[in-house]
Amino acid sequence: MEHKTTYWQENLRLIFICLIIWFVVSYGFGILLVEQLNEFRLGGYKLGFWFAQQGSIYTFVGLVFWYTRQMNKLDAKYKVEDE
Amino acid sequence: MEELKLYTYIAVFGSFALYFAIAWWARAGSTSDFYVAGGGVTPLQNGMAIGADWMSAASFISMAGLIAFLGYGGSVFLMGWTGGYVLLAMLLAPYMRKHGKFTVPEFIADRYYSRTARIVAVVCLIVASLTYIIGQMKGVGVAFSRFLEVDYDLGLYIGMAVVWVYAVLGGMKGITYTQIAQYCVLIFAYTIPAVFISLQLTGNPIPQLGLGSTLADGSGMYLLDKLDLVVTDLGFKEYTTDNMGGTLNMFAYTLSLMIGTAGLPHVIMRFFTVPSVKAARSSAGYALVFIALLYTVAPAVGAMARLNLMNTVEPVAGQNLEYAERPQWFKDWEKTGLLQFEDKNGDGKIQYTANAETNEMTKVDRDIMVLANPAIANLPNWVIALVAAGGIAAALSTAAGLLLAISSSVSHDLMKGVLTPNISEKDELMAGRVVMTISIIVAGWLGLNPPGFAAGTVALAFGLAASSLFPALMMGIFSKKMSGTAAVAGMCAGLGVTMLYVFQHKGFMFIPGTSFLGGLEENWFLGISPNAFGAVGAIVNFTVAFIMLKFTGPAPQEIQDMVDNFRVPHGAGKAHAH
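Same order as they appear, the protein sequences are chains A and B.
The first sequence begins at 484 in my numbering and counts up one residue at a time.
The second sequence begins at 180 in my numbering and counts up one residue at a time.
Pulled out of the complex, with its shape left as it was, chain A reads as follows (with noise of 0.2 Å):
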């Protein structure tokens, strides 16, 4: 029991942590921050605009296999493994 709780709370600290990033490049860049960001340009795109319509999906891909394989490392490690 004692050794679930820890896995779980591993988890969830990784859950906070992809979160907050999912958070910051879409609604803080892509929308709350996007006239300031628009300031500034990468080639033909303004950076808020891209943060919206492209680097925010970037990013989603990235973390969600970030997290996909941080949770592997974390079932071997409490050997929850399934299979």
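Bear in mind the hints are in silico, worked out from the structure with no lab data behind them.
Misleading hints may appear alongside valid ones.
[What the hints assert, rightly or not] The following label-pair restraints were derived from C-beta to C-beta distances:
#: 1; chain 1: B; residue 1: 506; chain 2: A; residue 2: 524; range: 32 to 40 Å
#: 2; chain 1: A; residue 1: 525; chain 2: B; residue 2: 379; range: 18 to 26 Å
#: 3; chain 1: B; residue 1: 196; chain 2: A; residue 2: 516; range: 45 to 53 Å
#: 4; chain 1: B; residue 1: 732; chain 2: A; residue 2: 524; range: 51 to 59 Å
#: 5; chain 1: A; residue 1: 525; chain 2: B; residue 2: 532; range: 27 to 35 Å
#: 6; chain 1: A; residue 1: 545; chain 2: B; residue 2: 327; range: 51 to 59 Å
#: 7; chain 1: B; residue 1: 744; chain 2: A; residue 2: 507; range: 32 to 40 Å
#: 8; chain 1: A; residue 1: 493; chain 2: B; residue 2: 223; range: 25 to 33 Å
#: 9; chain 1: A; residue 1: 555; chain 2: B; residue 2: 344; range: 39 to 47 Å
[As the list claims (entries may be wrong)] Cβ-to-Cβ under 10 Å is the rule here; a few derived chain A residues that face chain B:
#: 10; residue: 491
#: 11; residue: 497
#: 12; residue: 505
#: 13; residue: 508
#: 14; residue: 510
#: 15; residue: 526
#: 16; residue: 527
#: 17; residue: 528
#: 18; residue: 540
#: 19; residue: 541
#: 20; residue: 544
#: 21; residue: 564
Don't be surprised by glycine CBs; every beta carbon is placed ideally from N, CA and C.
Given the coordinates of chain A, work out where chain B should sit on it, guided by the hints.
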């Protein structure tokens, strides 16, 4: 023209023959096959199938068209429909897979130890999925009306018939393999024209980079800067900053689509078909990659289509196109009634402006842009034909997935689970098919007067899922103490508030003429559009549930033990029936 027709028939019927062949080859035998394909699909395959399931007529046909006219505001669809997968992969999919049931209401019934919860979940599921199918029907209607050269209504009837044959005969197993084929068809159909158009306009073959490049016309101007200039000249809002009803509305809209994505049962169901918890997590990752391929191309398609459209109507600044010299694609779309011109000033030329009094393009249905795009850019006929096939593949695959979610919730949850527990497997399958048929008829009828463009209608469905199912599922996993009564109260409150808001603006069950507040912006709560209201509904749901929890007391110990059990991956078996 004859050549184009020939190619379109070959592409559409050729791809159809392929899907039906696969569906026939893998036709469903037992109920377990019908719903979850026997549990043996790899993460990569499943990711691709989720991609096809996910990318519907709304993504394929409608989204880029909406972005073309909304500009920056269209970003809500891009972020919303991809960001939801982050939530799904971390908050729901692995645990629901571990628990191992066939349907979403079944999970809710177990977690909230109540038949009422199951019935409420079925209702939420049906309302959200049916709304979603209306959006698909709009897309199917547009696609068939164009390529068969009939009006929209007839196109819709034909689409209904095709969806019926396709979904009722298939079952999930047929659908998983056909959806892999459909993903391939639709992603090629989407990216090939985008590559051509990006090359034409910017010299860069990768649309994601082309959108940020300079134009190839020798001006050295960036494409997006040019577009901003062209649209503001005609009085439209600047493309890269037009923020669709303000920051709060965009925030709520994006949130509503994200949590709706994670709460839509036809997507969650997909995660029941993978062999392990580990595979559930990686399926979400692969799905997102396959989805991101289309979603990062879409903004390029939208912006470039808008620029091409503007340049067609006004090739040189101040010199508008003669109506008599309009291109073939213009005439073709006029036949469907989705593109209309009225020569208000009688000069025989086409004026396209933001001013409703002088604007002569009196109707430009957003949903035609992607299908018309290759023709507007003068691409070869086989490319145009491919896009028609892709659009129909997208609509079919999603409609089939949704119908499956509805029919399984009625036949499996409502009939076998609650009303008639002794029903035989054969009768359960039959009931599922009857429910599918009824759903198609209802959605088709409502699709004759859809509550918005395909992507907008679909957004409503997400709001409904976001406000009802997502909070219940998430609390079920992350709050061990959450009690059944509290969760049911939350679902009812969330769905109730959202439906009330949506229906008062869009009409009761979207039946035209029954809306008493109109779609008027002045009547919007805090300026939040009905399409974006799911986010508010979700907050209401969470709040009501946690307040009610204070009164009902925590869930019983055995339920809390069950939650502990599905929080760890160890020992997940195959998905099993009750």
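Tested hints:
1. 506(B) with 524(A): 32 to 40 Å: Since the Cβ atoms of residue 506(B) and residue 524(A) sit about 35 Å apart, the hinted range of 32 to 40 Å holds.
2. 525(A) with 379(B): 18 to 26 Å: 23 Å, holds
3. 196(B) with 516(A): 45 to 53 Å: Since the Cβ atoms of residue 196(B) and residue 516(A) sit about 50 Å apart, the hinted range of 45 to 53 Å holds.
4. 732(B) with 524(A): 51 to 59 Å: 57 Å, holds
5. 525(A) with 532(B): 27 to 35 Å: 32 Å, holds
6. 545(A) with 327(B): 51 to 59 Å: At roughly 43 Å between Cβ atoms, residue 327(B) and residue 545(A) fall outside 51 to 59 Å, so the hint is violated.
7. 744(B) with 507(A): 32 to 40 Å: 34 Å, holds
8. 493(A) with 223(B): 25 to 33 Å: 28 Å, holds
9. 555(A) with 344(B): 39 to 47 Å: Once the Cβ atoms are compared, 42 Å apart, the range 39 to 47 Å for residue 344(B) and residue 555(A) holds.
10. 491: Status holds, d = 6 Å.
11. 497: 8 Å, holds
12. 505: 5 Å, holds
13. 508: 9 Å, holds
14. 510: Constraint on residue 510(A) satisfied, holds at 6 Å.
15. 526: Constraint on residue 526(A) satisfied, holds at 4 Å.
16. 527: 3 Å, holds
17. 528: 4 Å, holds
18. 540: Residue 540(A) check passes; min Cβ-Cβ to chain B is 5 Å, inside 10 Å.
19. 541: 7 Å, holds
20. 544: This interface hint holds because 5 Å falls under the 10 Å limit.
21. 564: 6 Å, holds
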